[in-house]
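J.: Make one complex out of these two single chains by using the hints.
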Amino acid sequence: MSLVIDNSTPFILLQDKGRFGCRHLGVTQGGALDWVSMGWANWLLGNALDATVVEVGLGAFSLTCQRDGVLAIAGADLGATLDGQPLPAWGAFRVRSGQRLEFAHPRRGVRAYLAAPGGFRGEPQLGSVATVAREELGGLHANGKALAKGDQLHWQGDALQMRDMPRAQTPDFSADARLELILGAQIGDFSGQSLFDAFNSQWTVDTRADRMGVRLLGPKLECRTQSMISEGIALGAVQVPPDGQPIALLNDRQTIGGYPRLGALTPLAAARLAQCLPGATLHLVPTVQEAAHQEHRKAVAGWWNV
Amino acid sequence: MSTPQPRIEVASIDAFILRLFDRIDEANMPWMLAAGTRLRETFGDALVDLVPSYTTLLLHYDLQRLDPRQARELIAGALADLSPETCASGRSHIIPTWYDPSVGPDLEPLAQRKHLSVPELVRRHSEREYQVFALGFTPGFAFMGLVEEALAAPRLTTPRKRIAPGSVGIAERQTAVYPVESPGGWNLLGRTPVGLFDLDLPGYSLLQAGDRVRFEPIDRAEFIRLGGDDTPLESLQ
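Protein chains in written order, with UniProt numbering: chain A, 1 to 306; chain B, 1 to 237.
Just chain B, same shape as in the assembly (with noise of 0.2 angstroms):
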């Protein structure tokens, strides 16, 4: 892949995105880490938020110490002659994940529209490892892929009210975790009893852009032996 040319646009009075791709792809993330590692030190203490997304960074800076024709500057210097972090610097993690129709009441009816068995569907999304591009919609919540093509999903004309704290779902070619209840439109396959965002955790997200994830299909007994809950919140709506 070629070098990226990042594009420093205006978003608000002190933030730019630095556009660094124009297509979602795993192998944008070498160069976004880099990005980033090279931005947090050029800007040390002036640096308020540094926000990863799958093509583009934002970057909100301190207005009190910064002008925008500075920040400007120390932007274009930190993305020169950028080279890929090679060194997976992010980490790899493995979720268990019980699925099932009780806590995942997409799980037929996808399978059935893929012309799959369910077993078929599990083993196809718990066999790749995928790629944590951005966080967003709740804190923890991590967009990763990406799922094979044969498995994309739009997401649910109408959206659920109430989702589980672990559910694990598909939209697209996305897969990700909700943290905690909230609404949402994902393709519901089953349930995870681990915690994704608590502010014991060290770094408070148990998933970071750059991680790398694979789903290990667990059975009910283990589910709670780990301390899952079951109740099938999804059908009490």
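Okay, chain A solo, but in the shape it has when bound (with noise of 0.2 angstroms):
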């Protein structure tokens, strides 16, 4: 035994990049919502940066550690302790047998990730561990459940690395967060001044928001098209059912569905989204394909050149 939980929510879920090759089977993606801040703290202890985490969302978390080894945190500053002394929200940092580890609750972002050597163990069901409830997949007994008191986490290794986090590569999460869209197929449908509206204006974060999807709340968007057929849905896709208040599709989302998309977020923007709590303002910023495509292997390309 490595670690047992002391408390726990709905939220807190052992997670990785998700399920992938069974999207034609209405299995949706799952995984780490934040997945730069999942990247972060494997890297932290040199794990490959999809191993197996603890995505946990806005606190109220706490467990006790079992034998001595090295854990790392990224992501939300939730303010996290070890025996009630303050960590960094951003680091590796030593645990000793019998030491408690408690997050409380958010102060910047919402989801912190927690990586242990060679990540979490996991029964992986259609190649991963990531939870998902509704879908009764994945977790630590593979039936989506939401890790709860007394469950046990073991991890895989023994830390290769401890790692300092670059400081430049920290994200501050409490800045309004501009997130870029790639402007998609139905984008002609919405009237000129809702395309004006959705760049130029400010977006509040709903309290409408989960792993499925987070609702946007600022002006009315108009489309021509009310429902279609329905068709696939890529991560990030930015729907707009006819009330005209968009919705951001997240790694839970519905593999198909019928409403007008204004395009998909970048996977950047997705994670930076997944860090905002409601009442958060953002912006959306327009991109292309080829362009954001770039952006993004660049980003990926910097864990491997600290």
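Accuracy of the hints is not assured; some may be wrong.
Dumping the calculated SDA-like pairs for lysine to any residue here, alpha-carbon to alpha-carbon at most 20 angstroms [what the hints assert, rightly or not]:
1) 298/A with 66/B
2) 145/A with 5/A
3) 220/A with 281/A
4) 161/B with 5/A
Covered by chain B, according to a simulated footprint, are these stretches of chain A (three or more residues, beta-carbon under 8 angstroms) [to be verified]:
5) 91-105
6) 164-178
7) 235-242
Residues from chain B that keep clear of chain A, each with C-beta distances beyond 10 angstroms, as calculated [stated by the list, open to error]:
8) 37
9) 180
10) 209
11) 224
12) 226
Rather than coming from a laboratory, the hints here were simulated on the basis of the structure. Where a beta carbon is used, it is the ideal one built from N, C-alpha and C, also for glycine.
T.: What follows is the structure, encoded as structure tokens:
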């Protein structure tokens, strides 16, 4: 045994990069919402960037170490402490058997990622341990359940490294998010005023926000197409139902759907959105596929060059 | 039918929507299957996911291996000179179904609205062979059609919070079976004891896009014998 969970909530989930090759069966993607922070948490220990981590949503999570070792956290600042001593929001740290790790509540961002040497152990289903409650897939017990009090986590290996976080790479979750959106096929069906509004207004994250999608509040967007024949939905797709308030679809989205779409957030933007609490404000920035692709490759290469 | 002229539309950083048709038609299916086969061959390991729906395919490629221009060229090449897959590559399934008000709470009201007897409604629903157009909503949930015009029924105004696994329903001119307990707004006619989604099944999902399905009426004894659960979940809300 390596860690025992003392306190948990439905938002504390084992995650990795998610399930692929099964969307045609109606199985959702799942996986860490802020894949960038998951990557850094693993990077700090020299793990594979998508090794299994704990996604700690909002805090109220505590566990006791049952053996000496090294752990790392990255992502939201949830006021993490080790035996009451504050831990930095980004970094690797040593733990001794008997010590208690606690995540309190959000100070900046929503989701922190806890990594352990070699990743946490879990039984992959369809190639992933990503927890999806709705589909009863993944998680510690392969039934889609969140981590619960009394659950025991094991890590797979020895820490290869204990790296320091490059300061320049730490994102600032307190500033307004600027989310790049790749213009999609139905863009021409929106009114000119709506297109202007979409990219020149401030949007607010609604309380209706979960791992499936995040509703944005702002000017009402008008689209000629009210509903379409259902089709596959990509990560980050921003759909606009008849009420004109866009919904950005994230990792646990349903596989097909029929609302018109402005386009899709880039994966970097989707990760950033996942760190926005209800009430946070953000801006949508238009981009195109090629530019976003180059940006993405540059960001991922950054992990190997620091 | 004329050869589809696929339109390739940007869906996201690493995905395109391939629009083959503009309306739902059973005659689309041989073309959709052929396109899927070609795309899988062409992309090989660089294909991450291919999601067929009624008139489109969502193609998700590995953005570490291909850039958008390369992916678009591969798609255009794969869809050139397409010919329909005439040999039915889909499988045929018989889904035994217990049509009964206790597990199909919309059976009687729907029959009444349609001015049909319950046995007549059951006969009409079960005599047709349906095509699986797409999977989605939940793992293994297959959108099938087309239900004859006279049985078409809009979704419930207020969806039910809990629907039992195996429930057979109608929405508009589609029919489907709920694979797992979930909320839902389809009109429920009965229930099947057959498992729809199971990680132990080859291919995981009993039904795949392109398959054909017929519902076969069975009685309660047969339903129970086949392992069905007759708990009337929908009335316990």
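J.: Decide, hint by hint, whether the structure agrees.
T.: Hint check:
{"no.": "1", "hint": "298/A with 66/B", "result": "holds, 15 angstroms"}
{"no.": "2", "hint": "145/A with 5/A", "result": "holds, 14 angstroms"}
{"no.": "3", "hint": "220/A with 281/A", "result": "holds, 16 angstroms"}
{"no.": "4", "hint": "161/B with 5/A", "result": "violated, 32 angstroms"}
{"no.": "5", "hint": "91-105", "result": "violated (count 0)"}
{"no.": "6", "hint": "164-178", "result": "violated (count 0)"}
{"no.": "7", "hint": "235-242", "result": "holds (count 3)"}
{"no.": "8", "hint": "37", "result": "holds, 13 angstroms"}
{"no.": "9", "hint": "180", "result": "violated, 7 angstroms"}
{"no.": "10", "hint": "209", "result": "violated, 7 angstroms"}
{"no.": "11", "hint": "224", "result": "holds, 25 angstroms"}
{"no.": "12", "hint": "226", "result": "holds, 23 angstroms"}
When each numbered hint is compared with the structure, violations occur for hints 4, 5, 6, 9, 10.
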